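Novice: Protein chains in written order, with my numbering: chain C, 642 to 956; chain D, 642 to 956.
Source of the hints: derived by calculation from the structure; they are not laboratory data. Predicted, not measured: the structure shown is a model, and the values here were computed from it. There's no promise every hint is true.
Copies of one chain are not kept apart here, so a pair can be met inside one copy or by any two copies together.
Stated by the list, open to error - List of simulated lysine to aspartate or glutamate pairs, EDC-like, C-alpha gap at most 20 Å:
id, residue 1, residue 2
1, K828, D685
2, K819, D913
3, K932, E823
4, K828, D902
5, K932, D679
6, K828, E793
Protein chains: 2
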Amino acid sequence: MSGPDTSFRAQAIAKIQTMQEAITRSLEQVEGAEFRRDQWTREDGKGHGQSNIIQRGNVFEKGGVNFTTLELPLNRGIAEAMSVRGKAIDMQELGQYSIFAAGVSLVIHPFNPHVPTVHGNYRFMEVMKGQEVVDWWFAGGSDLTPYYLYEEDCVLFHTQLKSACDSLGADVYPKYKKWCDEYFFIKHRGISRGIGGIFFDDVNTYERPQLLAFIGNCAQAFVDSYPAIVSRRKDIVSTEAERYWQEIRHGHYVEFNMVYDRGTKFGLQTPDANIEAVLMPMPTTARWEYKHQVEPGSREAALVAVLTHPREWTN
Amino acid sequence: MSGPDTSFRAQAIAKIQTMQEAITRSLEQVEGAEFRRDQWTREDGKGHGQSNIIQRGNVFEKGGVNFTTLELPLNRGIAEAMSVRGKAIDMQELGQYSIFAAGVSLVIHPFNPHVPTVHGNYRFMEVMKGQEVVDWWFAGGSDLTPYYLYEEDCVLFHTQLKSACDSLGADVYPKYKKWCDEYFFIKHRGISRGIGGIFFDDVNTYERPQLLAFIGNCAQAFVDSYPAIVSRRKDIVSTEAERYWQEIRHGHYVEFNMVYDRGTKFGLQTPDANIEAVLMPMPTTARWEYKHQVEPGSREAALVAVLTHPREWTN
Numbered sequence: 642m643s644g645p646d647t648s649f650r651a652q653a654i655a656k657i658q659t660m661q662e663a664i665t666r667s668l669e670q671v672e673g674a675e676f677r678r679d680q681w682t683r684e685d686g687k688g689h690g691q692s693n694i695i696q697r698g699n700v701f702e703k704g705g706v707n708f709t710t711l712e713l714p715l716n717r718g719i720a721e722a723m724s725v726r727g728k729a730i731d732m733q734e735l736g737q738y739s740i741f742a743a744g745v746s747l748v749i750h751p752f753n754p755h756v757p758t759v760h761g762n763y764r765f766m767e768v769m770k771g772q773e774v775v776d777w778w779f780a781g782g783s784d785l786t787p788y789y790l791y792e793e794d795c796v797l798f799h800t801q802l803k804s805a806c807d808s809l810g811a812d813v814y815p816k817y818k819k820w821c822d823e824y825f826f827i828k829h830r831g832i833s834r835g836i837g838g839i840f841f842d843d844v845n846t847y848e849r850p851q852l853l854a855f856i857g858n859c860a861q862a863f864v865d866s867y868p869a870i871v872s873r874r875k876d877i878v879s880t881e882a883e884r885y886w887q888e889i890r891h892g893h894y895v896e897f898n899m900v901y902d903r904g905t906k907f908g909l910q911t912p913d914a915n916i917e918a919v920l921m922p923m924p925t926t927a928r929w930e931y932k933h934q935v936e937p938g939s940r941e942a943a944l945v946a947v948l949t950h951p952r953e954w955t956n
Numbered sequence: 642m643s644g645p646d647t648s649f650r651a652q653a654i655a656k657i658q659t660m661q662e663a664i665t666r667s668l669e670q671v672e673g674a675e676f677r678r679d680q681w682t683r684e685d686g687k688g689h690g691q692s693n694i695i696q697r698g699n700v701f702e703k704g705g706v707n708f709t710t711l712e713l714p715l716n717r718g719i720a721e722a723m724s725v726r727g728k729a730i731d732m733q734e735l736g737q738y739s740i741f742a743a744g745v746s747l748v749i750h751p752f753n754p755h756v757p758t759v760h761g762n763y764r765f766m767e768v769m770k771g772q773e774v775v776d777w778w779f780a781g782g783s784d785l786t787p788y789y790l791y792e793e794d795c796v797l798f799h800t801q802l803k804s805a806c807d808s809l810g811a812d813v814y815p816k817y818k819k820w821c822d823e824y825f826f827i828k829h830r831g832i833s834r835g836i837g838g839i840f841f842d843d844v845n846t847y848e849r850p851q852l853l854a855f856i857g858n859c860a861q862a863f864v865d866s867y868p869a870i871v872s873r874r875k876d877i878v879s880t881e882a883e884r885y886w887q888e889i890r891h892g893h894y895v896e897f898n899m900v901y902d903r904g905t906k907f908g909l910q911t912p913d914a915n916i917e918a919v920l921m922p923m924p925t926t927a928r929w930e931y932k933h934q935v936e937p938g939s940r941e942a943a944l945v946a947v948l949t950h951p952r953e954w955t956n
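Please construct the entire structure, taking both the sequences and the accompanying hints into account.
Specialist: Spelled out as structure tokens, the structure:
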């Protein structure tokens, strides 16, 4: 391959910033307030970003929609994680490699346990050896983590994502939906993080502009589903017991992110990373109770049934 | 090396169980109530243990003193972690390896933020290839995680551990104290988990009975320090703001355990592990606030100063 196509990089960055803004505005509308915009630049000049943050809002307890772009030397931890995924990195010549990333990532934790937590993340990556691009790919996905099951919410969320995937091909949604179910699985607990969505990584079998349009459609799918779900559920009166269950599930969320999530791992292994952005996905509070069990027949048990046996949510 | 010395294994198991009981009783005394004893056996018969548990006690919010013994086939995840530490595992013949472990591990999270959290963990390990012991070692340590700094508590904790180390040699405490400061460091935050203690891994340069006696002395050091610290602090009246800070620090504790702790990683990678025992170290509640900062000149800032610059606590 040849040197970096800086015009595509610029296009990708512009598109991703547009996605960030559209997502943030759709959230501000249901929140009824503006998110705070935090711009940041790495001290070494090798990256910058903008975090659009809400904390203790009206509807959202904590959340962020973050744009990041970086170009950094590849370090051993990240290179090893890439090798495991089949990328050909010559570890003897590690010093010659660098990685470019531009992406948007969001996690929203609402106060009300009847409103689901949501995550989304779309990024364009290039691996350079010296001045040459030796690899590139798109990656991302979006998944929903309800505390109580409202089937029509799951259907809306998945239907919108399916329609974004269909723009790329009819085989895309089934593949990325399954990938999501596999990826967001908390192995040590034998349950999923939530009711899924889509997930994809290392995708470079389409043209780059086509993939850029695809992630734009995914952002639109978010705008067309999550705020509507929030509106439906945000005024349901919740109990202490429901909030307790939400905190237990927050604990599972923390476990997934710390132990399995590639984005979080990448962030924690990046020297001088913006740790506030990396840990933005953490819920405000989480709870671990020894031998916590859900009551058979309860609404909590109904959710757990779906977490252990992922369902199809579209036709 | 030759086959496993089953008489030493039996001795080690008996000693470790005695340590578990002594530690538990010393904690029950300050708690003013008995811990619950949960015995468990792996379904495949390859391990068993006993968890001595307290949850929502008088003084302790959550804690456990767990005894575990296992003999399991070595899996890829654990073998790779061992290779990184310089153990010669022939990955081509991974199927022939098994690992024997017997250990006690404890974590105690008190309600009162003026009482520190404490961790301790001592274990004997053997690696078998077929019927032959190809490697063995002792590992462990103990560290203190205060929320507010009481220097005399840090001094007592370290002085007792130093005296246990001195039984092995005068060079042991300085070495294991430094190792602890390095190990319990939360790299992505640039702060330590707490004020340290001792840590050691892969130790086999002493005779096995000598090391077994040493870990017994370490258990005694715990009995002679932590309960006294609890007694000193448990009746201090604490504020909401202090409890909030405790939850922030609980978040750091969770991060350390999920991202760096070898014991937790080992547990999460062990198929069909007793996940309740593996996750016992988690605090009941933890908190993540976006861009949380301690106030300059505050007692929280005084603690952070020690977390960023480990001190010497003994002469």
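Novice: Which hints, by number, does the structure contradict?
Specialist: Numbers 2, 3 and 6, in rising order.
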